[in-house]
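2 protein chains.
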Amino acid sequence: MTATPQGVLMPATVEKIREKARLLRIHSMRATTAAGSGHPTSCLSAAELVAGTFFHAMKFDAANPNSTAGDRFVLSKGHAAPVLYAALAEAGVFPVSRLMTLRQFSSELEGHPTPLIPGVDAATGSLGQGLSVGAGLALGARIERSRARIYVLLGDGELAEGNVWEAAAFAAHYQLDNLTAIADINGLGQSERTMYRHDTEVYRRKFEAQGWQAEVIDGHDLAAVLGALDRASSTTGRPQAIVARTEKGHGISFLADREGWHGKALSKEELEKALAEIGPVPEIPKDDGRSYVRKSLPVPPEFPAPAAPDYKPGQSVATREAYGTALRKLAAVNPKIVALDGDVKNSTFADVLQKAYPDRLFQGYIAEQNIVSAGVGLAAQGQVPFIATFACFFSRAYDQVRMAAISRSNINLCGSHCGVSIGEDGPSQMGLEDLAMFRAIPGATVFYPSDAVAAERLTETAARLPGICYLRTSRPKLPVLYASDEKFPVPGFKVLRQSSGDRAIVVAAGVTVYEALKAYEQLKAKGIPIRVIDLYCLKPIDATALGQHVAAGGGRLVSVEDHYPEGGLGEAVLGALTTGGIALGGVRRLAVTGVPHSGKPDELLDAFGISARHIVGAVEQLG
Amino acid sequence: MTATPQGVLMPATVEKIREKARLLRIHSMRATTAAGSGHPTSCLSAAELVAGTFFHAMKFDAANPNSTAGDRFVLSKGHAAPVLYAALAEAGVFPVSRLMTLRQFSSELEGHPTPLIPGVDAATGSLGQGLSVGAGLALGARIERSRARIYVLLGDGELAEGNVWEAAAFAAHYQLDNLTAIADINGLGQSERTMYRHDTEVYRRKFEAQGWQAEVIDGHDLAAVLGALDRASSTTGRPQAIVARTEKGHGISFLADREGWHGKALSKEELEKALAEIGPVPEIPKDDGRSYVRKSLPVPPEFPAPAAPDYKPGQSVATREAYGTALRKLAAVNPKIVALDGDVKNSTFADVLQKAYPDRLFQGYIAEQNIVSAGVGLAAQGQVPFIATFACFFSRAYDQVRMAAISRSNINLCGSHCGVSIGEDGPSQMGLEDLAMFRAIPGATVFYPSDAVAAERLTETAARLPGICYLRTSRPKLPVLYASDEKFPVPGFKVLRQSSGDRAIVVAAGVTVYEALKAYEQLKAKGIPIRVIDLYCLKPIDATALGQHVAAGGGRLVSVEDHYPEGGLGEAVLGALTTGGIALGGVRRLAVTGVPHSGKPDELLDAFGISARHIVGAVEQLG
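As given, the protein sequences belong to chains A and B, one line each in that order. If you read the first sequence in this note's numbering, its first letter stands for residue 6, the second for the next number, and so on. If you read the second sequence in this note's numbering, its first letter stands for residue 6, the second for the next number, and so on.
The hints are simulated quantities; they were obtained by calculation from the structure and are not laboratory data. Worth double-checking, as some hints may not be accurate.
It does not matter which identical chain is used: a pair holds within one copy or between any two.
Derived lysine-lysine pairs resembling BS3-like cross-links, with alpha carbons at most 27 Å apart [unchecked claim]:
hint	residue 1	residue 2
1	K273	K482
2	K529	K482
3	K482	K317
4	K21	K492
5	K273	K360
6	K499	K523
7	K605	K291
8	K317	K300
9	K605	K300
10	K499	K300
11	K482	K499
12	K529	K64
13	K499	K269
14	K499	K21
15	K482	K605
Every value quoted in this text rests on a predicted model; they were computed, and no experiment measured them.
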């Protein structure tokens with residue numbers, strides 16, 4: 006599978022790879038026809054590109070295809086999954102017979118790739134994210150001093166996605182010469198021809214404008230493909246793009262470059278006709294039903310306890326600042342901690358890490374999509390990424406977070422500047438939907454610390470937990486509430502005020518905890534005792550324990566959050582309690598309704614209904 | 006404010022504009038110092054660019070600055086708001102005295118621009134969206150046969166955002182020669198120098214690679230600025246980029262090109278020192294406190310009733326298909342209807358509109374961020390945009406939707422292929438968080454039709470309603486439930502089954518309505534009557550009316566949704582009912598938990614716990 010030292014390929018080798026390309030075509034068509042759906046023509050355009058990459062360029066252990074030591078392949082155009090599965094099978098990762106289980110509920114071979122499949126590092130299928138994942142893998146390989154190379158196959162349709170060009174700029178900036186993008190320019194999108202059709206020069210110019218090495222080839226000329234892959238692997242100092250002119254449906258007369266064939270499996274008759282055109286078809290043995298679901302999905306590495314929080318009670322510290330301190334302490338005990346920044350590190354305090362460990366922070370500039378998906382790539386190389394920006398700007402990368410969850414990726418995200426409490430910068434900078442976003446990510450853990458001790462402890466917990474962890478931090482400096490040795494279990498909450506005669510329970514988090522404490526004092530002065538809960542963990546919620554407190558407050562519940570009413574703390578609590586069968590004796594949910602405005606933080610908390618005054622009013626209304 | 010016919014500027018004119026640039030600097034620094042926060046140095050780099058654009062290039066009516074007849078300006082680098090406000094004041098849109106109210110709660114001049122301010126068409130401040138808005142404005146001007154031009158000022162930091170390059174490709178594709186991008190390359194980001202610092206050639210190459218006319222100028226050489234603006238306005242066939250080398254903080258010795266000054270207002274002492282450097286400072290009269298909040302925000306135009314739905318009860322039609330039919334019927338009676346597609350028009354059925362009215366659909370290719378923000382621009386020109394893609398892919402553009410809400414924009418979004426009911430394509434293609442997303446958009450209306458009649462009627466309603474409307478459509482063909490003359494008020498729901506002895510209420514929407522109807526039959530056979538609700542409108546919800554039905558079912562509630570449990574139908578119903586004070590006698594929320602898998606639609610509905618069988622079980626558990 007390798008070239009001679011001079012890079013001259015033996016004809017026999019080329020023939021062997023050509024046969025692999027032919028087999029990839031056969032497998033892709035057969036599997037999709039058996040499934041009754043799928044994207045065979047998108048596989049046919051890529052057959053030579055994938056065969057050349059897998060059977061000439063790549064060096065990896067088929068028994069351990071997700072190793073940092075080996076080359077990796079990211080199928081950014083995830084709808085061509087069958088051609089990837091065919092290549093993995095032909096490479097010996099799982100038996101060829103398994104291909105015929107494509108898209109069945111019982112099979113690991115889903116309609117689009119997921120990391121449940123050996124050899125896949127990230128889920129793809131939402132287009133335009135694979136190059137960021139590849140850049141993260143390439144950066145991770147460099148961190149781990151692996152000489153492995155990363156190959157990313159992109160479709161031309163997805164080159165319209167801005168995320169691709171964020172990734173391209175990032176890869177060039179970090180001089181990721183271990184990264185090769187292969188662009189399958191078949192000129193046909195889903196619903197019509199692509200913007201640039203077969204104008205491969207446009208794509209070359211776009212990659213070159215980003216600082217990439219780029220060349221245009223005929224993607225069905227196998228010698229040209231192998232030559233380009235060789236030139237790519239010997240390029241230093243910059244990533245490489247192979248812009249390949251191809252035909253969708255190539256190799257089959259009635260499919261090649263035809264519109265109307267996107268995402269359509271061939272009928273049995275069409276399949277027979279197609280197979281007759283491309284020579285002998287191998288027997289495929291019946292699948293034995295054995296599952297090849299990847300057993301060892303990555304888990305974050307264990308590490309010793311970092312230095313404990315060191316604050317004085319009442320000291321004023323913003324949770325965003327404590328996040329930076331926590332990162333620095335974590336990095337001292339865990340060499341895998343890395344940070345990704347979107348040019349706001351002096352606001353999120355990720356720069357505290359960078360100042361202590363300059364090589365642990367990667368600057369992604371103002372390109373949130375790329376830093377999230379690059380984080381997925383880094384995690385797949387065993388790193389523990391912390392990605393931070395303003396909470397509201399993660400809405401820019403929500404699709405990338407969604408795909409990270411489908412990727413079962415271990416990434417941690419910190420959203421600072423949540424809510425109206427940021428003040429004068431106004432609504433465009435206020436994260437008011439981030440809790441809804443991250444709660445709706447399957448398997449995610451959602452933290453919302455109210456003080457610096459909680460922020461440090463929960464940052465540590467995020468580094469230990471598998472899956473996606475979201476940490477919501479606040480802009481204002483607020484008094485430290487907890488002792489340095491306080492523990493913050495998951496799930497969990499803190500009861501800050503309680504008595505046997507509590508007339509209601511107030512559930513708050515972050516900045517509203519302080520409003521609830523003020524309300525407690527005001528109500529106490531009126532002879533109305535309330536229970537105050539700091540719900541530092543919004544997902545999961547310990548419904549049973551919380552329900553007991555609610556019951557003790559007569560079922561009267563006030564939730565208060567610096568977030569819109571939908572999908573945030575209030576609904577999370579309602580969902581947990583009703584699932585737990587708790588009888589509610591009256592509910593008031595205080596949250597920010599309508600688009601907020603610039604103003605002073607305290608002015609805004611009051612104007613948008615989440616200040617102590619409103620909590621007092623809500624408790625009194627509940628009677 | 007105009008050049009001679011030969012394009013040669015009179016020295017006096019140049020001097021007048023130079024004085025405007027000087028005033029913009031003074032106003033920007035004074036206003037931010039008065040506010041105690043803001044981004045004066047980001048204003049200083051743009052002073053000549055903004056002065057040249059407003060006082061030389063642009064032609065608009067200061068009394069009506071948001072008119073389609075006039076030129077428009079989009080401040081994509083929204084943090085430079087003070088320089089925009091200063092230009093609007095100097096142009097006579099509001100008094101200069103008003104500038105000193107910057108960032109106050111009582112002022113329309115927020116930290117970042119919003120369309121509450123006359124002369125602003127879209128909220129900016131989340132970077133990298135303005136060029137898409139500008140492209141939409143330019144396209145809208147062309148549709149309305151206006152000869153007006155659109156100017157977009159971008160910062161170099163935001164040129165890292167992929168959204169910018171999606172917009173650039175779109176604008177070139179549609180040959181928007183009425184669109185000029187002005188890139189303020191000051192080389193300094195928020196937290197450090199930008200990726201390319203002052204390498205203006207990189208930006209020129211990037212714009213040229215997209216097919217733009219591009220030139221590099223010294224952005225502080227006013228004659229160069231005016232010359233470039235003249236050349237831009239006389240360019241035909243392509244959009245133009247003016248790549249301007251500037252200095253952040255230009256004009257003030259201790260600010261120019263200095264790091265550490267991003268987002269910092271000058272102290273009073275620093276301000277005095279700065280003002281002393283730039284010559285005579287005009288007296289600013291005390292503001293009279295009068296509000297200049299824009300009175301006439303756009304509202305969708307009225308139009309006659311479109312052709313009614315025309316289905317036979319029981320006929321199998323997918324709601325996504327009915328959406329396409331509705332668009333076609335709407336376009337026949339409303340000339341402002343336009344559609345934006347992300348190369349999935351044959352899946353969302355937006356192509357039904359295109360087949361009937363080829364010039365009403367704009368192909369945005371696979372670039373969801375751009376089509377949403379371009380929609381905001383189109384709406385600001387009085388069009389009624391319908392933007393459709395798979396529901397899950399709107400997660401790609403969630404920040405753009407968020408900003409559209411802050412923009413008070415009238416855009417309609419249709420997300421198809423929701424939930425596990427899409428089947429074999431797998432989780433990457435399933436919209437399972439879209440209800441959480443869109444519910445958390447302030448002021449948004451969220452529809453989820455279960456049959457073709459509802460889908461048509463609600464599409465019409467979306468075209469009439471101001472603000473953001475989201476319509477969730479489904480992939481499977483399902484029986485028509487409603488008569489063609491059925492009405493679907495907002496808020497509202499339909500009671501599909503009820504009796505006086507109902508033992509529980511089942512609230513469903515979309516595909517789960519059919520599962521609930523099956524469960525009704527199965528439970529009826531067991532002698533257990535239930536009430537079945539089709540909650541076609543998830544936001545707003547008529548809590549009082551819904552609560553009466555829940556009470557009639559003994560307070561026993563089952564919600565069932567093809568969505569994750571967080572932020573969707575179940576939490577929406579809980580939120581509405583508890584706010585309404587309804588006593589719940591037991592709740593079961595059925596939703597998709599965990600990352601789903603490829604498989605057959607029915608298999609997945611059952612495997613992920615939202616089929617008829619699970620509804621029956623939930624009702625029985627409630628006792």
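query = Checking K529 and K482: alpha-carbon separation at most 27 Å within a copy, between copies, both or neither?
reply = Only inside one copy: K529 and K482 sit 26 Å apart there, 59 Å across copies, limit 27 Å.
query = How do K482 and K605 come out at 27 Å by Cα distance, when the copy is not named: within, between, both, or neither?
reply = Within one copy only: 14 Å inside, 52 Å across.
ask   = Checking K317 and K300: alpha-carbon separation at most 27 Å within a copy, between copies, both or neither?
value = The answer is neither: 46 Å in one copy and 51 Å across copies each exceed 27 Å.
key: Homomeric proximity label, K605 with K300: Cα distance no greater than 27 Å   = between (52 Å within a copy, 25 Å between copies)
inquiry  = One pair to classify: K273 and K360, alpha carbons no more than 27 Å apart. Within, between, both, or neither?
reply    = neither (63 Å within a copy, 31 Å between copies)
inquiry  = For K21 and K492, with the copy left unspecified, which applies at a CA distance of at most 27 Å: within, between, both, or neither?
reply    = neither (61 Å within a copy, 65 Å between copies)
query = Can you tell me if K529 and K64 fall within 27 Å by alpha carbon in one copy, between copies, both or neither?
reply = Close neither inside one copy (70 Å) nor across copies (63 Å); limit 27 Å.
ask   = Quick one: K605 to K291, C-alpha cut-off 27 Å, is that within a copy, between copies, both, or neither?
value = Between copies only: 22 Å across, 69 Å inside.
key: Status of K300 relative to K499 across identical chains (alpha carbons, at most 27 Å)   = neither (37 Å within a copy, 47 Å between copies)
inquiry  = Cα distance capped at 27 Å. Does K499 pair with K269 within a copy, between copies, both, or neither?
reply    = Intra 54 Å, inter 37 Å, cutoff 27 Å: neither.
ask   = When no copy is named, should K482 and K317 be tagged within, between, both, or neither for a Cα gap of at most 27 Å?
value = within (14 Å within a copy, 63 Å between copies)
query = Can you tell me if K482 and K499 fall within 27 Å by alpha carbon in one copy, between copies, both or neither?
reply = within (20 Å within a copy, 49 Å between copies)
Hint check: violations occur at hints 4, 5, 8, 10, 12, 13 and 14; the rest are consistent with the structure.
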